[in-house]
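Keeping their order, the protein sequence lines are chains A and B.
Each residue of the first sequence is one higher than the one before, counting from 0 in numbering that gives the first Met the number 0.
Each residue of the second sequence is one higher than the one before, counting from 0 in numbering that gives the first Met the number 0.
Some clues are possibly wrong.
No farther apart than 25 Å at their CA atoms in a straight line, the calculated lysine to any residue pairs in the SDA-like style are these [claimed, not checked]:
| # | chain 1 | residue 1 | chain 2 | residue 2 |
| --- | --- | --- | --- | --- |
| 1 | A | LYS282 | A | TYR257 |
| 2 | B | LYS48 | B | LYS26 |
| 3 | B | LYS316 | B | ILE266 |
| 4 | A | LYS283 | B | GLU116 |
| 5 | B | LYS213 | A | TYR257 |
| 6 | A | LYS377 | B | PRO119 |
| 7 | B | LYS26 | B | LYS170 |
| 8 | A | LYS174 | B | PRO224 |
These aren't lab readings, by the way, just hints derived from the structure by calculation.
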Amino acid sequence: MKKIMIDPITRLEGHGKIAIFLNDMGDVANAYLQIPELRGFEKFCEGRPAEDMPQILQRICGVCPEAHHLASTKALDDLFQVEPTVTAKKVRELLYSAFFVTDHTTHFYILAGPDFIMGPESPVAERNIFGVIRKVGVELGKRVIQTRQQNYWVIETIGGRGIHPVFGLPGGISKGISEENRAKIEEIAKNSVDFARLSLKIFDDMVIKNKEYLDMMLSDTFTHRTYYMGLVDDQNKLNFYDGRIRVVDPQGKEFAKYAPREYLEHLAERVEPWSYLKFPYLKKVGWRGFTDGKSSGVYQATPLSRLNVADGMATPLAQEEYEKMYETLGGKPVHHTLATHWARVIEMLYAAERMLELSRDPGITNLDIRNIPASTPKEGVGVVEAPRGTLTHHYVTDEKGLIRKCNLIVGTTNNHAAICLAIKKAAQDLIKQGREITEGLLNRIELSWRAYDPCMGCATHALPGQLPLEVKIYDSDGHVVRTLNQFDS
Amino acid sequence: MDKLKLALYWASSCGGCDIATLAIGEKILEVAETAEIVFWPVAMDFKYKDVERMPDKRIDACLFNGAIRTSEDEHMAKMLRTKSKIMVAYGSCAYEGCIPGLANFFSLKSILERVYEETPSTDNPGKVYPQTRVQMPEGDLEIPELKNMVKTLAQTVDVDYFVPGCPPEEKTTWLALEALLNGKLPERRSVISHSSKALCEECSLVREGRKVKKFYRPYEVIPDPEKCLLEQGLLCYGVATRGGCGAMCPQAGMPCTGCYGAVEGVIDQGVHFLTALGSIIDSTDPVEIKQIVDGIVDPAGTFYRYSLPVSLFRRAKSV
């Protein structure tokens, strides 16, 4: 049995590696995604004051701290049984919308874009953000940087800091928005709407109108029929900040819809000895191993999943694009992993439109930003949609509000099993007996997981480049028979 | 002249330091012109193997973020130290252990039990735990070993400079990068920040010299946004925290939590804060003082929020 190691895959949150085993015929026998670290937040939060959780737990991820900060703040609302003020809720969602614009921008242009805009087997030296800028023009490159910078300014202005914001408190927020800043935010929101529309046009020109890419997107190699999860509002429209968790089955039929507090009735997590990251699955379906289909509890929580579970988008331009996507891809649900990129850009437009709506809300600069809690804390659950999946924070405290128990189900974790499936299938279809394992071929395998954007720790960092990928092929005695680099030029 | 060769690496971290590196915006282009980035796993293709192949001291400067938690972190710290002329502990995790360092309040065993057995969503009747080496039907799979203690970079290898912050603010990052690019470096082992004094020096909130009869938790009161938070009874850590960030948190209505570490010359940030608090309590009656101090509900976790691994305690006794 030969073993192919992809180690390290550095655009995963933290560190990750992939092991692919080949049988004696040279076909793929199995593939594993391993997460080789654990920091133990669930334990070391014990004894800490509950109100510090938004700031402590966002240190799980410095790329999406806003998601942890808000899931945690909502868990505190629930814990202290205090309803945030109307203004506080709007301001939280405004910050969160700005965050989604930056985060999806980074993934689309810097991480995923190169595969589509330059081509999955294009020269390694070109398959990066600089290649993208050369191809689409420096003007667009500047707009990418500008959009990110402007929205980080929004996060810092509302949240107190750009990375690791501090504004969340049970019952509200620490600081309101001045009229001067509101006007600036409105301008940035307008720019963001234009930018998202431009991004959709680029996606359409470069991907949808390119038969080769469209065929690849629709191919069985990148298709899995699983359950899908996402937050919806009371109209069953997609919402990032609040609502109920809806799950649809592989036929697109509603399987469950539940409030954050009910999550334990619906989710369970499996432990495998070969990865520090657990594998969540739908409890009422059960764990049937690494397999898809209606009888398997494996689900996905991604931009595409959110569109699959929602009846539509709450803003007009995003709704049009949503309809267009399903029309093009043959109706709901869409099971093609690579369509996640399309869904992500539609979500970018929704986030920008929502940001614009909120920035124009006449009550957004109101001063009622806090309700002081009066109840004794006991237990609270908070859920938001992180860019990479449904995020759940659950705390139990003593009567002084010190954490006794903390449980977390984090964005990418939801998709751990599905990503394993995706890698295995892509590897099995693409690595065949006797077929030369080229760099381009390996990159095609990588497309399978890159669609999930499991790159939290690095999503916005990427300058030039691909994955620092190295593949070693061992024979059954453990000797290296071949070493492949993806980017030797 | 050869370009300055820079390496950036993350160990046990959240990724926020890498985002912070990019927060310098268009100045990153300046860095790209003056320096050659030879290793940056989050953004570039160079691999461990490429670093291994480099002769010793090939890298001019390495910005290392993240705490040392796993055998892999330790291995990479040692390798990068050998290959780099200047080693910079960038950000609070590498500098002082930071939030991941709070794990030192617990044993590794209790952490693993919590995560893989106790958590209510975990379904693990067979008590399966991740193993450093597992035999699968197709062959062996390996993952790094988790260490019992979270360590800082300087507790693992020799460090030349420290950059504070969780994460370092844009101007702090630029101060460090500019020094490296221009070769105008401060004294070895120094902490690179715009200030060596307490954060209060640069905070715009007004101090009136008031003392406190009660400590409040941030959710219990709405403070006057123009006045010193500590004097309003909120545990603002600015008095014992190095400045340089611009006092953003207190100015957003939230107390400083101490992420820039101790001020110059202080060995233990928590002890310093405790001393400072002693001087602000408005009482001479031991019973009342106890009552006031009891309002600090998690002293250890508050005083050592970012610095437990470099404190005099380092960790709780392992059980």
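Evaluated hints:
1. A:LYS282 / A:TYR257: Within the cut-off at roughly 13 Å; holds.
2. B:LYS48 / B:LYS26: violated, 30 Å
3. B:LYS316 / B:ILE266: holds, 21 Å
4. A:LYS283 / B:GLU116: Measuring from Cα to Cα gives roughly 20 Å; hence the hint holds.
5. B:LYS213 / A:TYR257: Roughly 42 Å between the alpha carbons, so the hint for B:LYS213 and A:TYR257 is violated.
6. A:LYS377 / B:PRO119: Distance ~16 Å between A:LYS377 and B:PRO119 Cα, so the pair holds.
7. B:LYS26 / B:LYS170: Roughly 11 Å between the alpha carbons, so the hint for B:LYS26 and B:LYS170 holds.
8. A:LYS174 / B:PRO224: The given pair, whose Cα atoms are some 9 Å apart, holds under the 25 Å limit.
Violated hints, listed in ascending order, are 2 and 5; each of the other numbered hints is respected by the structure.
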